[in-house]
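**Q** Required output: the full structure, derived from the provided sequences and hints.
Protein chains in written order, with the numbering used here: chain Y, 701 to 961; chain Z, 1358 to 1810; chain X, 1196 to 1891.
Some clues are possibly wrong.
[As the list claims (entries may be wrong)] A short, non-exhaustive set of chain Y residues, derived as facing chain X with CB atoms under 7 Å:
hint, residue
1, 783
2, 808
3, 816
4, 818
5, 821
6, 824
7, 827
8, 830
[As the list claims (entries may be wrong)] Restraint ranges, calculated between C-beta atoms of paired labels, are given here:
hint, chain 1, residue 1, chain 2, residue 2, range
9, X, 1264, Z, 1780, 51 to 61 Å
10, X, 1875, Y, 921, 28 to 38 Å
11, Z, 1803, X, 1204, 40 to 50 Å
12, Y, 829, X, 1549, 34 to 44 Å
13, Y, 873, X, 1372, 58 to 68 Å
14, Z, 1766, X, 1317, 35 to 45 Å
15, X, 1363, Z, 1586, 56 to 66 Å
16, Z, 1788, X, 1558, 45 to 55 Å
Honestly, the hints are just simulated from the structure, not real lab data.
Ideal Cβ positions, reconstructed from N, Cα and C, are used throughout, including at glycine.
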Amino acid sequence: MSATADEPFLQAKGVAKSFAGIMAVHHVDIAVAAGERVGLIGPNGAGKTTLFNCLLGVVPVDRGVVQLAGEDVTRLPIHLRARRGLGRTFQRIELFAEATVREHLLIAERTRRGDGALWKDLLGRGRPKADEIERCDHILGLLGLAELADAPSEHLSLGQGRLLEVGRALMTEPRLLLLDEPSSGLDHDETVDLGRTLRDAQIDRGFGVLLVEHDVEFVSDFTDRCLVLDAGRLIAEGPTGEVLASDAVREAYLGTMGTVA
Amino acid sequence: MARTRGRVIIVLVTLLLVVPACGNAKQTSGTDAAKNVKLPTDGGQQNRAVHKEISGVPGVTSTEIAYGVVGTKQNNPLGTCLLDCYLQGINAYFAYRNSQGGIYGRKLVVGSVTDDQLGNNQAAALAITSGNKVFGAFEAGLLQQGWGDLNAAGVPTYMWGIDGQSAANRDALFPSTVIGCPDCTRRVVPYAAQLAHAHHAGVLGYSTSQNSQVCADSTAASFKLYAKDTGVDMAFLKDDLPYGLANGIGPEITAMKKAGVDFIATCFDLNAMKTLAQELKRQGMTNVTLYHPNTYNQAFVKAAGDLFEGNYVDVQFRPFEAATNTALTAFKTWMDKAHATYTELAMVGWINATLAYQGLLAAGPTFDRTKVIAATNHLTNFTADGLIATVDWSKAHTPYTQAARGTIKDLECGTFVKVVNGQFQEVGNKDKPWLCWPNSDLKWSTPVPTNFN
Amino acid sequence: MLLGASAGSDLLRALVQGTPAGTVYALLALGLVLTYKTSGVFNLALGAQAYVSAALYFQARVSWGWPIIPALLVSVFVLAPALGFVLERLVFRHLRSASAVAKLVVTIGLAVALPAIFDLALGFHSIAGQTPVGIIPGGATVFYNPFGVYALSRNELMAVGVAASAMAGLAVLFRYTTVGLHMRAVVESPRMTELNGIRSDRVSSFSWALSSLFAGMAGVLIAPRFNTLAAPDFFNLVVIAIAAAAIGMLVSLPRTFAGGLGLGLLIAVFQTFLPRWSDSLPWLATVRENLTPAMPFVVLFAVLVLWPAIRRSRAASDPLAGVEPPPPAPAATTRSRGLTVATRVFAVVFFTVTGLVVFFRADASWMFLVTQAVILSLIFLSITVITGLAGEISLCQGTFAAIGAFASFQLVTHLGMSVLLAALVGAVIAAVVGAVLSLPVLRLGGIWLSIATLAFAYFFDSVMVKLSWVGGGKQALAEGTRLPRPLLGPFNMNDNRTFLGLSIILLLIVAFAVVRIREGTVGQTLRALRGSELGAQSIGISPARARITAFAISAFIAGIGGALLAIQQQNVNYSSNFSPFASLFWLVLVVSLGSRTVEGAMQAGAAFGLFDAVLLKGAVIGWLLRSPARIPSVFPLSGTWRFVLFGLGALQFARHPEGLVENGKRGATEAVDRWLAARRERSPVVERTTEPETAA
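**A** This is the structure we're talking about:
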């Protein structure tokens, strides 16, 4: 890995994306280092989700470059970016129907190792091995899901489902985890719990976090640095506390559109 | 351990797959035995009333010889009367022979009737081979999947001869029409064109069915071969139309119109002939004569009004419109007694039943399946009492090609009728309806009117 | 030049010739788009709806002697909309939140069941020479020659007129009526309408009735083109309509209309010019033979694979995605260990006993049916992999099976290869074809993938089979596509019993492999993808690779099964075993009975092979009454019932993707488990002694 401590793991330069002639993201530059906790906020329609999707490869960018650890991944599909250390969770939860909690992690572990092959399955060597189960259970313990390991994922609450997504992402040993509105659908207490668990896991595993969130309190608790997007442009960037206090950000949230250059 | 078990299993799998490299089983059949059977001396008309006890022969009791009949009724895409009409012909023949005392002191009866519903022909055939309740089988299914099983089981089987490939090289199978040489040229169609004073011939066939495509190609080859002699040239060929003509046939007719085609021979089913005739009418080509291979169906032609007026229709047996001979009289008499209509399939059933009877007769009073097959295959001059052109059963099972044709000694014959006022009419000699040429000499000659009484 | 001197007038003539058919295709395509956009249902049963109207009209006119107007009113203006309305109310309204693929399966079930129900209800069957009649007197006999190049019959002019007025009517409806405006709103943005409080239920009912009316009208108008009336022709029509709708991107109604018309014209133009071009272009002559009949399928396949817009518009695969939350996934099977063991013991005992009875007592015809059931179970395991495991609906499993069978036939005939080895090689070839086919269609996803497999099945059927290196061509003329039985050491497989033994062993091996795959990495990966494609990608799973693997495995299994079926019948028998319709029926059968499990595939195999003989012919009743003579006279029931029962069985796929039997079994297991738990509570010491047979 070429990324050193001061070289950012994720770097986007001049990313632009438009839909049907409307610019959703305007020439945005961002950089997130491994191990860093960064928030991405902005009012509805600011282009957060689009930027997120551009970084992940869900939609192709019109212009600009996305790099992971110095490597240009602009043209790579989602799964290859994931394999390069970009994990994520979903706002609308995306669990694997009909799989248990542990199976979610096992398949992620297996994919990370990349040693699944048809002939191994046919020889009966596709079943989970002890060390794989151990690794999964470790993560489940970390997230407080150990007791639910054998439960079908349909039985989880929304908050537990979010945690399971985090756990599934962690199995791939991401260097940066992109969290998409993790608090949506959760009440205040659940959000606090989630934040705490996430923070513990982050400290334990040392991955970076890029958090898209509208819950300002959550962002200020969880992140050190913050980016503010409005009308597709980056309007502010800096330590979270300062950014949230700035006039520009308040203005944007109050709906005075695009006055800040 | 799981790992070892896995290895063992893969080794087993590999073995299972490699060992079979041993080879392919040869189709053993009941007919192999028939090849070694000597022709009995006690067969024939003079011993017809001799009753001998026979045991262990399926379908044969001291009073009856039972046959199984299989045919398509449900799901018949042609919408024609197959199984029912076929059965009428068989029953009429059996009634006719039984009225004369049957054979070997036994009555001929239909023991089982099965509608194969188009797709279940093989299951129906296997029910016959395994049921051991019938002596022989009659088959009028549109798909011939069960023929191989009947042959393998050594069941003497008589069938509607619509499929040469399924009957080829199978000694226990006796189709009503032998398609010995699918790619051979035939003179009867160019002759019909000549008769219609045509100049330019068009030929059409389906790509869906090999039979139809090859039929079209060989018909085209026939026109080409005899173009100088008949004055009818080969002007248009399309042998790859989709079955049922779902896209219509407009462009082909237009192309034929341009080419001045005035005679069209096809290898279509009867329904498509109607589509074709309608399209001709639309494009104002009412003076074109059609040659129909599968339209010997009076009700159908009549219902079509004047669409087919003046057309020629190929017939696989002595046409009902020809002068009656003994067999045709018997057919009509016994069909009338059953209040049944004279149909193509009824005649096929009658012809099949005739061979079943004559095979029994040749096998002698101590007959069994093997003997009947062997004896039938010694019938070198079978004409169903003058209803079909001669078949030599000792050679009929082996297909040959146009190239090897010179060595074949028998005749190339055909017969057709003409549609006049919606009715079929004999064209040539009413008593000698067949037009025959020598098979060994491909040169054009005037056909010899023939009958096979 | 490629076009001759008179090319201009030829082209004009071709255009005139193609117009009537084109307008009817357009009508049907409009019907397809209407329901798709308003209820997210890609209605493959539209052809069946067209058939029902056409057949009723035919029956009324020809058999019952009704005049034109009442026959038309009843069959088109009453029956068709009523049918659409009822289908929406009874079936599709309850499936709003189901996935597009699940809805597709439901429509396939209907496509199989509807014509069968109609035929049974009215005792309808086609009769030679009874040509479908048009909706105007003298329709087939009076001609007009508007441009002096080609005469159109009254029927055809009528078809053009009616289709054009229907399109105009639709435009008026959309522009000037409330329901029309609402429909347009739904068509353009289903999500927005939900939010704006338009009652989409009403809109949906209305569009279904309208769509069905269009289908019925198209059916009656096009029927005179066919010389006999048969349901399969109408299913082919819907494939053409899909091609037209695909040209319209399933969005724009005017473009759909243009697509249908264009397709009709294109077919006529090709029919006219292809023979001419191939005279000057020798390479074309080799493919020309079969290209014209396959034109709609080629166009459809090309549109799907080559038109980038369709590929990109993922949203087009499910317009209602996100309107409602997905249905709760079926509860994971939970049953106690003791019960599992008990049912397994029972199953083993049951199958061993049945197997032994068949093995030693059955005669050749039962042996044939049982062997066929075993081999079809094997083939159906390919559906277990592709549908049960990967969640994809493939409509060309019959084609994969046919590839295996044809390849074996070719290898045995030309190389004298051992037939079992040939079957294996055939299966590998099928796997390669499956993988290669999946490459271009993979990115389509959802229903487009299914439609592409359908187009491939038809393409294979109309073009490939006729090539001599596939279907044997003229070489197969002498003896057909015959295959020998294998000789395996001391075992001569001409003996049906031995061959049944071999089939069972192969089935067990494949079943074992499928279970291994399901439990292994490949299965887990596919399951993850089926559960959530985005989620799977986010952990580094490559959907393309996983699906190619799934297609290859599935095609391999189908290929080896197809070869085995051909070996059993000692002939490939393509048209009766492997036609595109067979693929549809197989799918319907398997999803009815359980596409998720190995048992489901075996149940489907048994149903396919034995349903007719055991149930419809009354063998079970005869056995219960101890005498075949006592079978009531209602038996044998028509084989058509199969299509009705399993077609309707597929309707529950959207609710219970695990299949009817699995679903029933689950309910039974839960009941027994509850009962056992209750007993344990009452007398905790007593050991269970009774075997819970109900669960097996």
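**Q** Determine for every hint whether it applies to the structure shown.
**A** Hints versus structure:
1. 783: holds (4 Å)
2. 808: Holds, about 4 Å.
3. 816: Since the shortest Cβ distance to chain X is 3 Å, the answer is holds.
4. 818: Hint holds; residue 818/Y Cβ to chain X Cβ min 6 Å, cut 7 Å.
5. 821: The hint holds - residue 821/Y has a Cβ within 7 Å of chain X, the shortest such distance being about 3 Å.
6. 824: holds (6 Å)
7. 827: holds (6 Å)
8. 830: violated (16 Å)
9. 1264/X with 1780/Z: 51 to 61 Å: At roughly 35 Å between Cβ atoms, residue 1780/Z and residue 1264/X fall outside 51 to 61 Å, so the hint is violated.
10. 1875/X with 921/Y: 28 to 38 Å: violated (50 Å)
11. 1803/Z with 1204/X: 40 to 50 Å: holds (43 Å)
12. 829/Y with 1549/X: 34 to 44 Å: For residue 1549/X against residue 829/Y, whose Cβ atoms are near 39 Å apart, the range 34 to 44 Å holds.
13. 873/Y with 1372/X: 58 to 68 Å: holds (60 Å)
14. 1766/Z with 1317/X: 35 to 45 Å: Roughly 55 Å apart at Cβ, these two residues miss the hinted range, so it is violated.
15. 1363/X with 1586/Z: 56 to 66 Å: holds (60 Å)
16. 1788/Z with 1558/X: 45 to 55 Å: holds (50 Å)
In this structure, the earlier hints numbered 8, 9, 10, 14 are contradicted, and the remaining ones agree with it.
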